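Participant: If you're matching positions, the sequence shown starts at 547 in our numbering and goes up one per residue.
A hint or two may mislead.
[As the list claims (entries may be wrong)] Ranges between beta-carbon positions, derived for each pair:
id: 1; residue 1: E707; residue 2: K914; range: 42 to 48 Å
id: 2; residue 1: Q919; residue 2: K730; range: 35 to 41 Å
id: 3; residue 1: E569; residue 2: K942; range: 23 to 29 Å
id: 4; residue 1: E874; residue 2: E572; range: 37 to 43 Å
id: 5; residue 1: N697; residue 2: E572; range: 35 to 41 Å
id: 6; residue 1: E870; residue 2: L952; range: 54 to 60 Å
id: 7; residue 1: A593; residue 2: K794; range: 35 to 41 Å
id: 8; residue 1: N670; residue 2: K794; range: 44 to 50 Å
id: 9; residue 1: E848; residue 2: E569; range: 41 to 47 Å
id: 10; residue 1: D768; residue 2: I714; range: 25 to 31 Å
id: 11; residue 1: N1078; residue 2: L710; range: 41 to 47 Å
id: 12; residue 1: A593; residue 2: E791; range: 21 to 27 Å
id: 13; residue 1: R595; residue 2: E572; range: 18 to 24 Å
id: 14; residue 1: R595; residue 2: E874; range: 25 to 31 Å
[Claimed, not checked] Below, computed lysine to aspartate or glutamate pairings styled on EDC-like, alpha-carbon distance capped at 16 Å:
id: 15; residue 1: K827; residue 2: D799
id: 16; residue 1: K862; residue 2: D775
id: 17; residue 1: K1038; residue 2: E954
id: 18; residue 1: K730; residue 2: E713
id: 19; residue 1: K703; residue 2: D683
id: 20; residue 1: K723; residue 2: E707
id: 21; residue 1: K723; residue 2: D775
id: 22; residue 1: K703; residue 2: E687
id: 23; residue 1: K760; residue 2: D775
id: 24; residue 1: K665; residue 2: E707
id: 25; residue 1: K612; residue 2: E711
id: 26; residue 1: K1062; residue 2: E1088
id: 27; residue 1: K730; residue 2: E750
id: 28; residue 1: K776; residue 2: D622
id: 29; residue 1: K690; residue 2: D666
id: 30; residue 1: K858; residue 2: E848
id: 31; residue 1: K703; residue 2: E713
id: 32; residue 1: K757; residue 2: E707
id: 33; residue 1: K1020; residue 2: E1030
If you're looking for bench data, these hints aren't it; they were derived computationally from the structure.
Keep in mind that this is a model prediction, so the values were computed, not measured.
Yeah, the Cβ is synthetic: ideal placement off N, Cα and C, and Gly gets one too.
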Amino acid sequence: MYINFSDLPAHENLFLDYLHEYENVERYYSGNFRNPDIYPQLFNNLAARPISNRTTLIDILKLQYKNLNISSITIDNINSLADPNTITVVTGQQLGLFGGPLYTFYKTITAIKLCSQLKDSYPNYNFVPVFWLEGDDHDFEEVKSLNILNNENNLVKLSYEDGLEEEINRGSIAALKFNDNLIKVFESLKNELRGTEFKQQIIELLEDFYKPGKTFLESFRDLLIYFFDKHGLVVCNPNDPLVKELLKPIFKDELINFDDNSKTLVERSAELEEIYHAQVKVKAINLFYLLNNERISLEPGEDDFKLKGKRKRFSKEELFAVLESNPENFSPNVLLRPVCQDYLFNTAFYIAGPGEISYFAQVSPLYKYYDIQMPIIYPRASATIVERGVQGILEKFDLSFTDIILDENELINKILASNSDQNISELFNVSRAKISETFEELGTKLIRTEKTLIDLVEKTKQKIDQSVDMLEQKSLDAHKRKYETTLRQLSKVRNVLFPNGILQERELNFIYFCNKYGLDFVKLIFEKLEINIFEHQIINLE
């Protein structure tokens, strides 16, 4: 079963047009992902592109994998990057606790399966899936928590608190090390997670990857490799100082030409705002500077550079000297990051979620400026997993998935109406109409006798309306009590399918399902997830 994204809440028009009315947005992108006729020319262009640092990049990736036991497929994929005919399919994600939301896995699976399909269709090229670890971000709030469902199917939020002040600048998340407070997260996980035959296995697996002293990046990377290395996924750490060394030309150019770049991005953002929306607020310079473990925006001065909110200033000569000697002190913002990854890799496709698709519309002018081939933006697979028990409840009450995403009160009224011989809301709406009709007739007749009675008629009607409203609410409350078990079941179903009023893939972590169905659950989803549908998929677990 598939659901059009326009029938789901919280999807912007830019994303919907990208999917279904590409001609409306084609000026913002490099090519229509639905049109395979343009693929061969794209591959030819990428194969002809001279990249001087291919060998160096391969050496760096091998160093990043040092002491890790990886598959021969991944090793072959890394080595194949030296071949001009090797094309990459890239995706990436913030380093969320325990892998973050389910859609992290969906993005990864989309990249891997797309490579497999492309290999079958274009045997003259190699296609390598690459995961770009987005560790340069510094938003701790975005990565410290995850949601699971407990034994009662209630939504539970687990958070890692490092003991520091909430507002403190922790620098890049990649380098942030877990402390002993991580043990508290595991204690909560053990207490909240339903007791199953797989519980101990999933907890031991997580404890092997996530432990005090390891960084967010190392833990996230190891989890990703565990599940997807067998498919040849190449995981790249762009926070590596050696990678930053390769990115020096991009950083230097941004420092020299930030004014022109910023103006171009502002113009594009303004254009988008007139029709759609601009996903990202444009900064004066698309770089951050790392100082004393803080990641701080670089801003232009009159004839120098400064750090936002700090007294620290650099002359142009000083800043360029730092870049030359310590490029690891610099990191790209969200708009420059895609340019960096596609400067290093021969990227034909970037696997993106709805928000990323929107910000690529902003960033496309930078690709032209840097003379880098912008990849085709390929929408990630999107899915909701429906378990057998949940499906049974939906069938029992004759509900569809789109019913579940209704406003909660609408959904409750629908359930109550379907389980009763009378619809409370409809009954009272009919009564209100009759009352209005009666008072309108009274007013018409009494005005002939005494005009001053009209005010009294209106006040009387208002009192009766208030009484009717109160009676309706009491009737609904009584009805709810009568069907309390039904509504409790409905609430639990909603927690699984539409937790916090948001799509399951954005709220739940993989732990919930692996705890119930074992680690092979990831393999099952890998097999079932469709990557060429471009609609929201409902995956029913047998």
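Participant: Work down the list of hints and note, for each, if the structure agrees.
Facilitator: These are the hints, each one checked on the structure:
In this structure the hint that E707 and K914 lie 42 to 48 Å apart at CB holds, the actual value being about 44 Å. The hinted window of 35 to 41 Å between Q919 and K730 is violated, with their beta carbons roughly 47 Å apart. The hinted window of 23 to 29 Å between E569 and K942 is violated, with their beta carbons roughly 44 Å apart. At roughly 38 Å, the beta carbons of E874 and E572 sit within the given window of 37 to 43 Å.
Against the hinted window of 35 to 41 Å, the Cβ-Cβ separation of N697 and E572 comes to about 50 Å, which falls outside the hint. Between E870 and L952 the Cβ separation comes to about 58 Å, which falls inside the hinted range of 54 to 60 Å. At roughly 25 Å, the beta-carbon separation of A593 and K794 lies outside the given 35 to 41 Å, and the hint is violated. For the pair N670 and K794, the beta carbons lie near 33 Å from each other, so the given range of 44 to 50 Å is not met.
Roughly 45 Å separates the CB atoms of E848 and E569, a value that falls within the hinted 41 to 47 Å. Roughly 27 Å separates the CB atoms of D768 and I714, a value that falls within the hinted 25 to 31 Å. Between N1078 and L710 the Cβ separation comes to about 45 Å, which falls inside the hinted range of 41 to 47 Å. The given range of 21 to 27 Å is respected by A593 and E791, whose C-beta atoms sit roughly 25 Å from each other.
Range check, R595 to E572: about 23 Å between beta-carbon atoms, so the 18 to 24 Å window is met. Remark: the range hint 25 to 31 Å for R595 to E874 is upheld by a beta-carbon distance near 26 Å. At most 16 Å may separate the alpha-carbon atoms for a hinted pair to count; K827 and D799 exceed this at roughly 21 Å. For the hint pairing K862 with D775, the CA-to-CA distance comes to about 44 Å; that exceeds 16 Å, so the pair is violated.
In summary, the hint linking K1038 to E954 is supported, as the alpha carbons are separated by about 12 Å, within the 16 Å threshold. Straight-line distance between C-alpha atoms of K730 and E713 comes to about 22 Å, which puts the hinted pair past the 16 Å bound. A threshold of 16 Å between alpha carbons decides the hint, and for K703 with D683 the separation of about 22 Å lies outside it, so the pair is violated. In summary, the hint linking K723 to E707 is supported, as the alpha carbons are separated by about 12 Å, within the 16 Å threshold.
Between the alpha carbons of K723 and D775 the distance comes to roughly 24 Å, so the proposed pair goes past 16 Å and is violated. At roughly 13 Å between alpha-carbon atoms, K703 and E687 fall within 16 Å of each other, so this suggested pair holds. At roughly 20 Å between alpha-carbon atoms, K760 and D775 are farther apart than 16 Å, so this suggested pair is violated. Our distance criterion of 16 Å between C-alpha atoms is broken by K665 and E707, whose separation comes to about 44 Å.
This hinted pair does not check out: K612 and E711 have alpha carbons roughly 35 Å apart, beyond 16 Å. Proximity of K1062 to E1088 is assessed by CA-CA distance (about 13 Å); at most 16 Å being required, the pair is judged to hold. Proximity of K730 to E750 is assessed by CA-CA distance (about 15 Å); at most 16 Å being required, the pair is judged to hold. Taking the CA atoms of K776 and D622, the gap is near 12 Å; set against the 16 Å cutoff, the hint holds.
For the proposed pair K690 and D666, the alpha carbon gap of about 40 Å is over 16 Å, so the pair is violated. A threshold of 16 Å between alpha carbons decides the hint, and for K858 with E848 the separation of about 14 Å falls inside it, so the pair holds. A threshold of 16 Å between alpha carbons decides the hint, and for K703 with E713 the separation of about 20 Å lies outside it, so the pair is violated. Distance restraint check for K757 and E707: the Cα-Cα separation of roughly 14 Å lies within the 16 Å cut-off, and the hinted pair is therefore satisfied.
Simply put, K1020 and E1030 have alpha-carbon atoms about 15 Å apart, close enough for the 16 Å limit, and the pair holds.
In summary, the numbered hints that this structure violates are 2, 3, 5, 7, 8, 15, 16, 18, 19, 21, 23, 24, 25, 29 and 31.
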